[in-house]
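A.B. asks: Each chain, letter by letter, is given below.
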Amino acid sequence: DTGVSQNPRHKITKRGQNVTFRCDPISEHNRLYWYRQTLGQGPEFLTYFQNEAQLEKSRLLSDRFSAERPKGSFSTLEIQRTEQGDSAMYLCASSLEASTFGSGTRLTVV
Amino acid sequence: RKEVEQDPGPFNVPEGATVAFNCTYSNSASQSFFWYRQDCRKEPKLLMSVYSSGNEDGRFTAQLNRASQYISLLIRDSKLSDSATYLCVVRGYNKLIFGAGTRLAVHP
Chain A
1 DTGVSQNPRH
11 KITKRGQNVT
21 FRCDPISEHN
31 RLYWYRQTLG
41 QGPEFLTYFQ
51 NEAQLEKSRL
61 LSDRFSAERP
71 KGSFSTLEIQ
81 RTEQGDSAMY
91 LCASSLEAST
101 FGSGTRLTVV
Chain B
1 RKEVEQDPGP
11 FNVPEGATVA
21 FNCTYSNSAS
31 QSFFWYRQDC
41 RKEPKLLMSV
51 YSSGNEDGRF
61 TAQLNRASQY
71 ISLLIRDSKL
81 SDSATYLCVV
91 RGYNKLIFGA
101 GTRLAVHP
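Heads up: the protein sequence lines correspond to chains A and B, in order.
Each residue of the first sequence is one higher than the one before, starting from 1 at the first, in the numbering used here.
Each residue of the second sequence is one higher than the one before, starting from 1 at the first, in the numbering used here.
Careful: at least some of the hints might be erroneous.
Pairwise CB distance ranges, derived in the manner of DEER restraints [said to hold, decoys possible]:
1) A:E44 - B:E15: 30 to 36 Å
2) A:G16 - B:S28: 15 to 21 Å
3) A:E78 - B:A67: 14 to 20 Å
4) A:L60 - B:G9: 22 to 28 Å
5) A:A53 - B:A105: 39 to 45 Å
6) B:Q69 - A:A98: 15 to 21 Å
7) B:R59 - A:N18: 43 to 49 Å
8) B:P8 - A:V110: 27 to 33 Å
9) B:A67 - A:G16: 37 to 43 Å
Pulled from the structure, derived: some chain A residues nowhere near chain B, Cβ distances all over 12 Å [said to hold, decoys possible]:
10) N18
11) V19
12) R31
13) Y33
14) L91
15) A98
These are computed hints drawn from the structure, not numbers from a lab.
Note that the structure is predicted; figures quoted are calculated from it, not measured.
Glycine is no exception: its CB is placed at the ideal position from the N, C-alpha and C atoms.
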């Protein structure tokens, strides 16, 4: 385990479908973050877990978004009833102090 | 006002040039500060942490002024491989807050 792993790397979905992304953090990191990044912008914070507890959610995370981290290990981010505005790169990061990012999942909603 | 603001890019510089990026942040309670580098269509990667005393890593020097809420990054002797987007990052209580990034293009 040399880094943060995300899959899938790319996802194309039709508007209205549900999608789920997975993140496997660095094993000794207890903090896990989800971010979203669109072209020309820095990553925007979505949510944060310390171990299995979800401690903070951004107001960007509408009711259609849900994240889980069962047992404090891997995490999933689900988007229900996708909209075109959900198209973005979804980045997962884990940390002790500075964060290490996964390669991201690029979502395209058509 | 954005929580972290950076110089708008792009910066186009010749190889060997010295280039400086600036960043300001709005939350005086911010705890830690970083510069990340992001290559096109890749994830952000930590370049260096930023300390109040200033710190240097090879050709890169970072400075923090807590009183002015200002962070800087200086790159000396630019290389073609330095071409990337540089993200100024501030840690709040639970999360990292990113600036929009400044694009650097180093040309021969």
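A.B. asks: Are the hints correct? Go through all of them and say.
C.D. replies: Hints, one by one, checked against the model:
1. The given range of 30 to 36 Å is respected by E44 (chain A) and E15 (chain B), whose C-beta atoms sit roughly 34 Å from each other.
2. Look at G16 (chain A) against S28 (chain B): about 44 Å separates their beta carbons, and that is not inside 15 to 21 Å.
3. At roughly 44 Å, the beta carbons of E78 (chain A) and A67 (chain B) sit outside the given window of 14 to 20 Å.
4. At roughly 24 Å, the beta-carbon separation of L60 (chain A) and G9 (chain B) lies within the given 22 to 28 Å, and the hint holds.
5. Distance hint check: the CB atoms of A53 (chain A) and A105 (chain B) are about 43 Å apart, consistent with the given range 39 to 45 Å.
6. Remark: the range hint 15 to 21 Å for Q69 (chain B) to A98 (chain A) is upheld by a beta-carbon distance near 20 Å.
7. As the Cβ distance of R59 (chain B) to N18 (chain A) is approximately 47 Å, the hint placing it in 43 to 49 Å holds.
8. At about 31 Å, the CB distance of P8 (chain B) to V110 (chain A) agrees with the hint of 27 to 33 Å.
9. For the pair A67 (chain B) and G16 (chain A), the supplied restraint of 37 to 43 Å is violated, since their beta-carbon distance comes to about 51 Å.
10. Remark: the non-interface label on N18 (chain A) is consistent with the geometry, its nearest Cβ contact in chain B lying 25 Å away (cut-off 12 Å).
11. Listed as outside the interface, V19 (chain A) is consistent with that label: its C-beta sits roughly 19 Å from the nearest C-beta of chain B, beyond the 12 Å cut-off.
12. Annotated as non-interface, R31 (chain A) brings its C-beta within 12 Å of a C-beta of chain B; the closest such distance is 8 Å.
13. Against chain B, the non-interface label of Y33 (chain A) is violated: not every CB pair exceeds 12 Å, the least being about 6 Å.
14. The Cβ of L91 (chain A) sits about 6 Å from the closest Cβ of chain B, inside the 12 Å cut-off, so the non-interface label is violated.
15. With 12 Å as the threshold on Cβ separation, the claim that A98 (chain A) sits away from chain B is violated: the shortest Cβ distance comes to roughly 5 Å.
Hints 2, 3, 9, 12, 13, 14 and 15 from the list above are not met by this structure, while the remaining hints are.
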